[in-house]
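*Asks:* Spelled out from the first residue to the last, the chains are:
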Amino acid sequence: MKGLAPVFVVVTAMAAVPFLGVSNVTLNFLVVALMIALAGQGWNVLGGYGGQYSFGHAAFFGTGAYVTAVLQVRYGVNAWFAFGLGIAGGALVGAVVGGLTFRSGLRGSYFALVTLAFAEVLRISASVAPITGAGVGTLVKLDLHVAALQFGSRAAFYWMILTLVAMALIVTRLIERSRFGVWLVAVRENEDAATALGVNATAIKLAAMVISGAITAAAGCFYVQYFLFIDSGLAYGTWISIEALLTPIIGGVGTVFGPLLGALVVRGLGEGAQTVTGGNAPGLDLVVYGCALVLIIGFAPRGLIGWLAQWRHRRMRPAALAETGHD
Amino acid sequence: MLSPSILIAAIVNGLLIGAVYALVALGLTLIYGVLHIINFAHGALLTAAMFAAFFGYRMLGIDPYLAVFLLAPAFFAIGYALQRFIIGPASHGDDRNMLLVTLGLAVIIENALLFAFRADTRTIDLPYAFGGLDLGFAFVPWPRLIGFGAVFVVALALWLIMSATDTGRAIRAVAKEKLGAELAGIDVAHIYAVTFGLGSACVAIAASLLIPSYYVNPTAGNAFVLVAFTIVVLGGMGSVPGALIGGLLIGVVENLCSLLFGESLGQIGIFVLFIVVLLVRPSGLFGARA
Amino acid sequence: MTDPLLAVERVSRRFGGLLAVNGVSLTAPEGRITGLIGPNGAGKTTLFALISGFLKPSSGAIRYCGADVTGEPPHRLARQGIARTFQIAQPFTGLTVRENILVGAHLRHPGRDAAVIAADQVGRELGLESMLDRPADTLTVAGRKRLELAKALATKPKLLLLDEVLAGLNASEIRDMVPVIRAMCRHGITIMMIEHVMQAVMSLAEHVFVLAEGRIIAEGTPAQVAADPGVVEAYLGRGAAARLGGARAN
Numbered sequence: 001m002k003g004l005a006p007v008f009v010v011v012t013a014m015a016a017v018p019f020l021g022v023s024n025v026t027l028n029f030l031v032v033a034l035m036i037a038l039a040g041q042g043w044n045v046l047g048g049y050g051g052q053y054s055f056g057h058a059a060f061f062g063t064g065a066y067v068t069a070v071l072q073v074r075y076g077v078n079a080w081f082a083f084g085l086g087i088a089g090g091a092l093v094g095a096v097v098g099g100l101t102f103r104s105g106l107r108g109s110y111f112a113l114v115t116l117a118f119a120e121v122l123r124i125s126a127s128v129a130p131i132t133g134a135g136v137g138t139l140v141k142l143d144l145h146v147a148a149l150q151f152g153s154r155a156a157f158y159w160m161i162l163t164l165v166a167m168a169l170i171v172t173r174l175i176e177r178s179r180f181g182v183w184l185v186a187v188r189e190n191e192d193a194a195t196a197l198g199v200n201a202t203a204i205k206l207a208a209m210v211i212s213g214a215i216t217a218a219a220g221c222f223y224v225q226y227f228l229f230i231d232s233g234l235a236y237g238t239w240i241s242i243e244a245l246l247t248p249i250i251g252g253v254g255t256v257f258g259p260l261l262g263a264l265v266v267r268g269l270g271e272g273a274q275t276v277t278g279g280n281a282p283g284l285d286l287v288v289y290g291c292a293l294v295l296i297i298g299f300a301p302r303g304l305i306g307w308l309a310q311w312r313h314r315r316m317r318p319a320a321l322a323e324t325g326h327d
Numbered sequence: 328m329l330s331p332s333i334l335i336a337a338i339v340n341g342l343l344i345g346a347v348y349a350l351v352a353l354g355l356t357l358i359y360g361v362l363h364i365i366n367f368a369h370g371a372l373l374t375a376a377m378f379a380a381f382f383g384y385r386m387l388g389i390d391p392y393l394a395v396f397l398l399a400p401a402f403f404a405i406g407y408a409l410q411r412f413i414i415g416p417a418s419h420g421d422d423r424n425m426l427l428v429t430l431g432l433a434v435i436i437e438n439a440l441l442f443a444f445r446a447d448t449r450t451i452d453l454p455y456a457f458g459g460l461d462l463g464f465a466f467v468p469w470p471r472l473i474g475f476g477a478v479f480v481v482a483l484a485l486w487l488i489m490s491a492t493d494t495g496r497a498i499r500a501v502a503k504e505k506l507g508a509e510l511a512g513i514d515v516a517h518i519y520a521v522t523f524g525l526g527s528a529c530v531a532i533a534a535s536l537l538i539p540s541y542y543v544n545p546t547a548g549n550a551f552v553l554v555a556f557t558i559v560v561l562g563g564m565g566s567v568p569g570a571l572i573g574g575l576l577i578g579v580v581e582n583l584c585s586l587l588f589g590e591s592l593g594q595i596g597i598f599v600l601f602i603v604v605l606l607v608r609p610s611g612l613f614g615a616r617a
Numbered sequence: 618m619t620d621p622l623l624a625v626e627r628v629s630r631r632f633g634g635l636l637a638v639n640g641v642s643l644t645a646p647e648g649r650i651t652g653l654i655g656p657n658g659a660g661k662t663t664l665f666a667l668i669s670g671f672l673k674p675s676s677g678a679i680r681y682c683g684a685d686v687t688g689e690p691p692h693r694l695a696r697q698g699i700a701r702t703f704q705i706a707q708p709f710t711g712l713t714v715r716e717n718i719l720v721g722a723h724l725r726h727p728g729r730d731a732a733v734i735a736a737d738q739v740g741r742e743l744g745l746e747s748m749l750d751r752p753a754d755t756l757t758v759a760g761r762k763r764l765e766l767a768k769a770l771a772t773k774p775k776l777l778l779l780d781e782v783l784a785g786l787n788a789s790e791i792r793d794m795v796p797v798i799r800a801m802c803r804h805g806i807t808i809m810m811i812e813h814v815m816q817a818v819m820s821l822a823e824h825v826f827v828l829a830e831g832r833i834i835a836e837g838t839p840a841q842v843a844a845d846p847g848v849v850e851a852y853l854g855r856g857a858a859a860r861l862g863g864a865r866a867n
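Residue numbers (our numbering), protein chains in the order written: chain A, 1 to 327; chain B, 328 to 617; chain C, 618 to 867.
Hints were generated in silico from the structure; no laboratory data involved.
All clues given are correct.
Just some of the chain B residues that point at chain A, by a computed CB distance under 8 Å:
(1) Ile413
(2) Ala417
(3) Ser418
(4) Asp422
(5) Asn424
(6) Asn438
(7) Arg445
(8) Ile595
(9) Val599
(10) Leu605
Covered, in the sense of this in silico footprint (three residues per stretch, anywhere, with C-beta under 8 Å from a C-beta of chain A), are these stretches of chain C:
(11) 695 to 705
(12) 709 to 716
If you want the ones that stay clear, here's a sample from chain C, every Cβ over 12 Å from chain A, calculated:
(13) Arg631
(14) Leu635
(15) Thr663
(16) Ser676
(17) Ala684
(18) Thr687
(19) Gln738
(20) Glu781
(21) Ala835
Glycine included, C-beta positions come from ideal geometry on N, C-alpha and C.
Construct the entire structure; sequences and hints are all you get.
*Replies:* Here's what the structure looks like:
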């Protein structure tokens, strides 16, 4: 299909990694980085393409995680179904939060605040509700079978998360070239002008939020299958809200590969910081993330991909100047 | 059920803690009123100030109530520098970017504190912290009482600054009409930085007032700041009386809810109220229509 | 007599204590160009916002194609064929000219390929062909006005509301724009235009309404309206008509 070639190339290249004899530590790093990339891909649909900056994407991640975990542990639901229902849960939360906030016309700072508040409400609720295991959390039983969506080899998990990331890449690319995507970007750039051209801005933003929620929830579902444990701080904590927005912004907000690049770079920096300090530095990796965020906004607001594109354009300038602009 | 005396004590306590909430909210609403952004670094600055007050007492023996006079100017300078040299330049004037930069700063400050001081919770023991005023129907510890009074002193000082000084007038001008103020020769970047500095000073004062009766750890500021957001939205973004009244109100509501429903649900109550206000009347009780 | 395409019936709009539009009634016959003129602050843009759905009338009704559309949201009215341009051109910055027009074209063409072809066609019709791949914010004022028109045209409107589309253009740019507007009318689009550039309105519009302080104070052919003393007073102040009449007599 047109335009999906770069996606297939990148995914195929990445799929080959486990065959290169990399260590388990590296594979673990990549698995977690890809999971964060997936969460970021969800944020990117709403924030990058839609221009609505959510500071509470943990709400979707955590919902996906808890639905997957609780359904398996308390109700014996098959892991694959639980995974799917977790994604649906994220979409539902997206619909509810989006429905409430967009109908009220909340934008900008207010939107960021309200999403933050929703995530906090969920976090506190999860920390006291019996069904989630309250403060203790929920443990998923080890059951190394494909039917239970658990694998003995790390490589298998790597391919699993890579598949999810690939699907999100394809979805993002399809959105980009569809009417929905064109209208979503139009709403981002100028909501009134878009409305005057027949775009139902509220419906578009709501749809973006549902898609966004579903994708980020998938990352949460994966978290549970990989780590087999979840609690309110891991599920709904600010850490994931921050990483979900950090990766697209650093990599390239509103681009297909931005979140993936951003996740690898950000996580790489974090790992680097931890290695340098011998792993005994709580919070240092987040300090690095914060610095990366401030620096990127300051010097390359369109992320690494945007910065690379600008650099290429600058090198092409002499040719462009030759065409005299005359309206 | 609950005796009236317990309820009254809860209300009194709510008012006292609400005053400190109000002070934190005051800084936040001031920044919003002028720069038109939510300062997501507010909580981290509060935490940093609390650590400063803590170590001031532990290592230098400075009484927190005296430390106020050191910390307020220090944090004014820090806030000024942050806005002038980091937030302002990095945002390129885009509101959304400003949100992200303040968020980035929050992450940096909080985790730098975590890295430096670990996650342990610490408290200080002031010899007179447990004494207090016995009003018959409630016992008011000295720290809370001093805090209550201090907040109104600060609010008065701010009001004086805003109405009687040139800088204050300039701040009000920029808040109302930035372009006009610029054309009139006001250095907007400087005014933004001054405002941020004032907001940070408020937070530093609040920290010194809190330390005697509270704990400090790298996430302590967050708890306060989310409440402060609620207050600012409830009272009206940019409204000083709104922040004061909102703070007192929220303090009472939170205390009553904790009493009746337990602490966690009390917290949820605040957030639900927050969400409802945002959805129904984002301009708050006293704010101008957004 | 056929129903006019657009009928505004005693529409008022209040903002707190201010009555910005006060009992305005007007019509736009199908396939014609109707002018809407008046001094600044008369409420013309507010009226356009009411017709296009961005504001709800405080009282009165708006009929379009015979149906009552009062209070319908703007995106739905756009789908039914009411398009508008904005007084200050609002391109989608960061997008190319083609991508800008594409937003409008997609209203009638869900599929991308058909929409791109339609967008290119509209761009060509408005003389933007050489600029289709350029970022929209590199256009001059005249270019932006054309882009504004192109976006609206791409939605295949039946009724096009032009809000000061000639403002900020120099004489030759105006001269170039007038035939473009006439061509749209020939394609069957009904046009209502707010304009201050009098020569253009007078030569383009077949019927003109004059709005002052929220009320219609005159209507008729351009010549009739130009001769109306009330209209002169609205623009030039009280007594101006008499003074001009007196000056002419001498």
